Each structure stands twice: as structure tokens, then as C-alpha cells.
Amino acid sequence: MASPHQQPTTIENLPGELLSEILIRIPAKPLARMRCVSKPWNAVLSKPSFIKSHLHRSMHDDDEILLVLADGGLCVPFSMTAHFSQSPRLELTNFIKLPVMLSQYESETVQFLGSVNGLICFCYQSDNDDFPYHITLYTDLVIQIWNPSLSTVLTLPPFQLLPNRYFDFTNVYFRFGYDPKTDDYKLVKLMSRSQEWLQVEVYSLRKDSWGLLTQRFPSHVIEIDNEDSVSVDGYDGRLHWLGSIGKEKKLRTIVAFDLGMETFSETSLPHSLIDHNVSWLDTLGVIAGKLCLLSCTENLKCEVWVMNEYGVAESWVKHDLLSELSGVIYPYGFTLSNKFLYVTFADGIGMYDQISADTKIMGMTSLHRTYKIVRYVESLVWMAPIRSSILKTVNRVRAGVDLQAWLTLTLIVCEVTWGFNNTYRKKMVQI
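By the count of the working numbering, the sequence shown reaches residue 431 at its end, each step adding exactly one.
Careful, some of the hints might be misleading.
Derived DEER-like restraints, expressed as beta-carbon distance ranges [as the list claims (entries may be wrong)]: (1) K47 - V312: 34 to 40 Å; (2) P40 - V312: 47 to 53 Å; (3) H56 - T214: 31 to 37 Å.
Since the hints were made in silico from the structure, they are not lab data. Since this is a predicted model, take the numbers as computed values, not measurements. The beta carbon of each residue, even a glycine, is placed where N, CA and C say it ideally should be.
The whole structure should be built from the sequences, with the hints applied where relevant.
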């Protein structure tokens, strides 16, 4: 029997490790709101170690969400749908609210540059009377990093090197990624003019600034593919591009950028695919933690090549993962659970599980439309100051909500999480 002088156990006097073990089972969106409950809770939920542990659990529990962006062309409002990778046909209505600025633009003027650890980087053309639709000019470009779970948006400062507004036909490419060695998120900007690569710029989220590199993009690479259908975070702190070599652009190579060292390197494709005439559609991806190449040949056959030892061209191995699929298939990439994403004109977007040989169709037609799929995992990751929208929410909670009721409700939620499962998770997300 407990001593009459012993204090009852409440959430507030639980040991920190036990409290963290309870909270780590709750999705990021409710956790973000729980920061408003008390200072001790905010301290626990804001610890970098807790944020990383929560992210690691979400990724390994396959809590991945697929954001499907449909490009309908000019004069078509930007739209996006969310789907659980485990149940892709189920659309999660109102699960993710677009930033206000995106809903005001046509789909062709919005570009997604990458998604990693719950942070999504995108850009759009600001209002311009002279060039209202030409996002390729990049003279009035707004680049932002967005965490949907926290409803926070960070606008990046302008980059230093700008194309000439009226006379300079310059190609600009962006790629967003994460460097685990420095725990920093970076955006790489490439720029070419008349098949000559200009100086490379790199934005660091930790420094909140752009920097110019002395090393340039490999000069013999004339052109790169920048139309990745699935937005991924690269591989092990590196970003990758498929490039074409020589004026005739027949030979292919993979250019890698080390986000920590900020240096470029190259890796050869499998020998049978080096000649660009062999395959008509190639896509880079990651499967089971390894860099892979999806290649579709002219006879409508899709192959998956996996690099078993990173950077070693001789370690490419062809895997017969897609033998059950037939017809004209456009490869998109792989999910965290190694399911193959693709699109066909007949069925639209599909997801194939090579282990069970099961195919799930997301129920979207691809006729006259192009899609990009952003792999997204809910997270508490953020490096910038909390935005005013979050601060306003905190003030409203403190001013108009009974905190004791909040604590009681949260206690019930935490108790239920001991038997946490995906069904309850979906209900929690809607709270």
C-alpha cells in the first residue's frame, strides 16, 4: 500500500525516460500541439535526441505518406493528395494543408525540389507582370522549406548568381538533401549556359546562407536529367544526377555530390546501360538502403540495377524484381518499404510489392497529366525559429483552454499508446 504522504503518479512527475518512451509513439502532428501543454513537455519534445528518435521510429515503422502532385498545366490550380503507403488507394482528405501561397498558384508554376526527414523544399514564381508563367527564368523565384507536421515554412534568402533577366538562356537545377555528418539540410543550385557549367551555390539551413563552391560541375557532362518523378533525399548524405556525356549525349554517367565535403564525384552505370541508346528511360532511386537504377528498354522491359558497394562500378547487380509487370511502364522509384512505384496510361499510378507480387492501383488516371510523388514522413525536425502561426496557437491554448483538461486528455492518449497500432494512428492524425 502506498504511503499516505506519497504523491500520486502523474504525467508531470514521470521520469524523463519513461515520458519520452510514451511520447515517441505518438505521431508528429499531435506532438507538435502537445508542446503547448507545459514547459517540461516542451523541453522533452524539443530535445534533438527525442526528435531524432521519433523520426527514426517513424521511418522504420513504415509510417510513410505519399504526396501526389498533379501537373495540369497553365491556369489549373495547384493540387496535392496524400496517401498512406500501406493503403495507397485511400486518400487522406485534409491530412496536410497546403501553405496559403501554394493554393494561389497554377500547377505549372510550382516545383518541388526534394523531401527529406519530414522537410519539403519547393519553389514558385512570385507575381510578375512581364513574365507571369515562365518559372524557368528564375529571376523572381521564391524558395521555401516546409514542415507540414509543424505547419512551419521558412523562406530562403536569395541566391547570389542570377541569370540575365531578358537575354540569358540559362538552365537552373536545384536538389535538396540532408548531410548526417554535419546534421545539416542543404539545397544545391546548378546553373549552365551554352553547355558550360557556372559556379555552384549551396544553401545551408544551419547557417541560413548561400555559399559559392570553387569546384564546378564536371565539364564533360553536357546535360543532366532533372525530371525525377519521385522526390527522394539522395543516399547517405549525397545527391545524385543522371548525366549525358559528349555533344551527341549518347553516353551516360552518375554525378554525385557529397553534402558534407561539398565535392563532386562520378560513378559509371552498368556496362550494358552506359550507351544511352540501350535504354529510353532511366530513374535513380534507393532500395533497401542502396543506390539503384531503374531502366526501361525499348522492348518495354524494366530492369532494376542495385549498387551493392557504393561508388564501385563493378558492384552493379541486376535484380529481377519486376518480372510480373507488363506493358508500357514508367518507373517512379521505391517507397521506404521497397515497394515499386510506377505509372501506366491505362491504370495511372500503381505500387508493386515484389515480395507478395501484389499490385495496388491508386485510382488516378495519367492521361494528359504528369505526376510527381513526394515521399514524406511526419517529423518534428526544424532548425529555424518557430513561426508566428505556431506562437499564435500557443497563446490561444494558454488563454482559452483548461490546461488540466489538456493534461487529462493527453494522459489517456499516452496510456493508449502502449498498445499503439496503425488503426489508432489514423484516428490520432485526425484529432
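Cross-check of the supplied hints:
Under the hint 34 to 40 Å, the C-beta atoms of K47 and V312, about 39 Å apart, fit the expected range. At roughly 50 Å, the beta carbons of P40 and V312 sit within the given window of 47 to 53 Å. In this structure, H56 and T214 meet the distance hint of 31 to 37 Å, their C-beta atoms being roughly 35 Å apart.
Of the hints listed earlier, there is not a single one the structure fails to meet.
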